[in-house]
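Asker: Spelled out, the chains give:
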Amino acid sequence: MSVEVIKPGLLSSLQDGGRSGYAHLGLGRAGVMDEPAWRLANALVGNDANEAALEITLAGPTLRLQRDAVVALTGGIIDARADGQPLPPWTTCFLPAGTPLRLGGMRHGCRSYLAIRGGFAVAPVLGSRSTDLHARTGPLDGRALQAGDVIDTGNAEHAPWFRSRRTVQALRWGLDPQPWLDYARAPLALLRGHHYDALDVPSQRALFTQRFAVSKDSNRTGCRMDGAPLQLSHPLELISEATLPGTLQLPPSGQPILLLAEAPVTGGYPRIGQLAVVDLPRIAQRRPGDAVCFETIAMDDALQRLRARNDALQQLIRRIAQRLESP
Amino acid sequence: MTHPPGADPHDPSPAPARADGDAMTGMPSDIRLEALAEGAWLWRFGDTIDATVNARVHEAAARLRAHLPHVECVPAYASLLLRVDLAEWEAHGGPLTAERLRAAIEAAWRKDASTNVVAREVTVPVWYAGMDLADIAAHARLSTDEVIARHSAPTYRVAMLGFAPGFPYLLGLDPALAMPRRSQPRISVPAGSIAIGGLQTGIYPQALPGGWHVLGRTPLRLFDLDADPPSRLLPGDHVRFQPIDEDTYRQFAAEAGVTP
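Line by line, the protein sequences give chains A and B.
Take the first sequence: its letters are residues 1 to 327, numbered as in my numbering.
Take the second sequence: its letters are residues 1 to 260, numbered as in my numbering.
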């Protein structure tokens, strides 16, 4: 069975948890930008944890599902219509064979995840079904969806949750996106980077008080922060060293760049901060023009928040599985 | 994970650890770990581009890959990224701190302190007829033949890979050939281009935008998703350039399925 791409949307790509173990060869991890949303999408359709999902940016694609399909959309709240009928977000849905699925604009957030029961059956590349758009590596030769693409999906047992198999349906329960989707837009937690002390004093203060805006010039590689430029107290002669998703670099323009899922494996700009892992999904859901503020966090607190988040996520995934067992 | 060059994890004769071990084992006495992110540390060996410092980075990476397979090692010029899957580590051994990681590094080091880490040697054939060869010669005030002789004389070392999958940053360029990057980067530099940027030389594994000066091309495919490992060059490899003529280049390129 397969999914046919009628319209590709703004930028839709297949992603999973990323491709690890190749950074020393110059190839980064890529993978989903909003990990909890992706995991929960898979959980809602009863998939294994690491199945690939479609990551959709701002404006969604139009797809045709060639067989009966069970799907879920999580992450940013996207307008979704199956055969004209609106689909509830963060909810397990059933689409009969041949149903056109139109994913439109996003009412909240920047990235949605479409999981399909059985997963997308594309061949893993170096152990992952993630698309590295920058390195052109992964499914579909490492590119985003195009009109005319036909993507195979995996076989799965028929889900017994839907009575009829002739109409578009949704389960009566869904997830509350509230804990997982950044509605409050509180400041993002930033660890101080190795070169934070090299900022001049006003810039050290500005980093944690200024309102930045997500630049239009942002993508899966990084997010440029518009705002009053930050300055170093003295020039630094740096040599390239490892960078990670979440690294906040300061190029000579003074506009910081927050590296994201497709972060280059090395970089030579001053590293003024590192976003806490728990807040990577929050920056992933900000759109160009959205405000960003940072607050400082210590490593111990960042680790504690990460463990708490992972525990909550695991617990929810278990509860979803139980609920799907006896709906 | 690929087998680290030269480090044999099955070496039957590990040296006994000694209390005054640093001089004996070559283990750095001061392992400077900087916390980068949750589960990620940077081990710094220096802050300059220097062959000796870089060699220590590769030695450490090889030893850790052999004995700490759960730690992902990413070498750069003078530092080594250590990335640990926190959930996996903590399932076995409780919270991971810099002290615990340091202890694990020291234990790994002692395991085969007697084994020398030997780097691989890779020969890269080059047809020296690049679009910037004449400019490089003019800048260096040398003939193009002298440029080729000087570029193919040294043994280089892959200091690190980055910029694109399989792109090696090579240490060892004759300073006479150093040349500042182009002020206007090209939109596309062809795959296989051997180029000079400042004091470094590198090879473009695929057609990429770039500001380095191109002096030749290799028919080798530097990054191949179907190969294991996918990169022809690994961090720490020794590299020699072997000048070849156009016919040989075309023959190799045809065999490798590379479009000349």
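The set of hints was computed from the structure by calculation and includes no laboratory data.
Glycine included, C-beta positions come from ideal geometry on N, C-alpha and C.
Possibly wrong hints are sitting among the right ones.
Said to hold, decoys possible - If you want a taste of the chain A side facing chain B, the calculated C-beta under 7 Å gives, among others:
(1) Val125
(2) Leu236
(3) Ile239
(4) Thr266
(5) Met299
(6) Leu303
(7) Leu306
Unchecked claim - Taking CB as the label site, the calculated pair distances span:
(8) Ser20/A <-> Asp174/B: 32 to 42 Å
(9) Asp48/A <-> Glu106/B: 35 to 45 Å
(10) Glu90/B <-> Glu325/A: 44 to 54 Å
(11) Gln314/A <-> Arg100/B: 15 to 25 Å
(12) Ser29/B <-> Leu10/A: 51 to 61 Å
(13) Asp141/A <-> Asp228/B: 14 to 24 Å
(14) Gly211/B <-> Ser20/A: 28 to 38 Å
(15) Gln314/A <-> Pro175/B: 34 to 44 Å
(16) Arg307/A <-> Glu99/B: 16 to 26 Å
(17) Arg182/B <-> Ala147/A: 30 to 40 Å
Asker: Work down the list of hints and note, for each, if the structure agrees.
Answerer: Taking the hints in turn, this is what the structure says about them:
1. Val125: holds, 6 Å
2. Leu236: violated, 10 Å
3. Ile239: Constraint on Ile239/A satisfied, holds at 5 Å.
4. Thr266: Since the shortest Cβ distance to chain B is 4 Å, the answer is holds.
5. Met299: holds, 5 Å
6. Leu303: Holds - the Cβ of Leu303/A comes within 7 Å of chain B, reaching about 6 Å at its closest.
7. Leu306: Holds: closest Cβ of chain B sits about 5 Å from Leu306/A, inside 7 Å.
8. Ser20/A <-> Asp174/B: 32 to 42 Å: With a Cβ separation near 38 Å, Ser20/A and Asp174/B satisfy 32 to 42 Å, so the hint holds.
9. Asp48/A <-> Glu106/B: 35 to 45 Å: holds, 38 Å
10. Glu90/B <-> Glu325/A: 44 to 54 Å: Hint violated: Cβ distance 29 Å, outside 44 to 54 Å.
11. Gln314/A <-> Arg100/B: 15 to 25 Å: holds, 24 Å
12. Ser29/B <-> Leu10/A: 51 to 61 Å: holds, 54 Å
13. Asp141/A <-> Asp228/B: 14 to 24 Å: holds, 20 Å
14. Gly211/B <-> Ser20/A: 28 to 38 Å: holds, 30 Å
15. Gln314/A <-> Pro175/B: 34 to 44 Å: Cβ of Gln314/A to Cβ of Pro175/B: about 56 Å, so the range 34 to 44 Å is violated.
16. Arg307/A <-> Glu99/B: 16 to 26 Å: Holds: the Cβ-Cβ distance is about 19 Å, inside 16 to 26 Å.
17. Arg182/B <-> Ala147/A: 30 to 40 Å: holds, 38 Å
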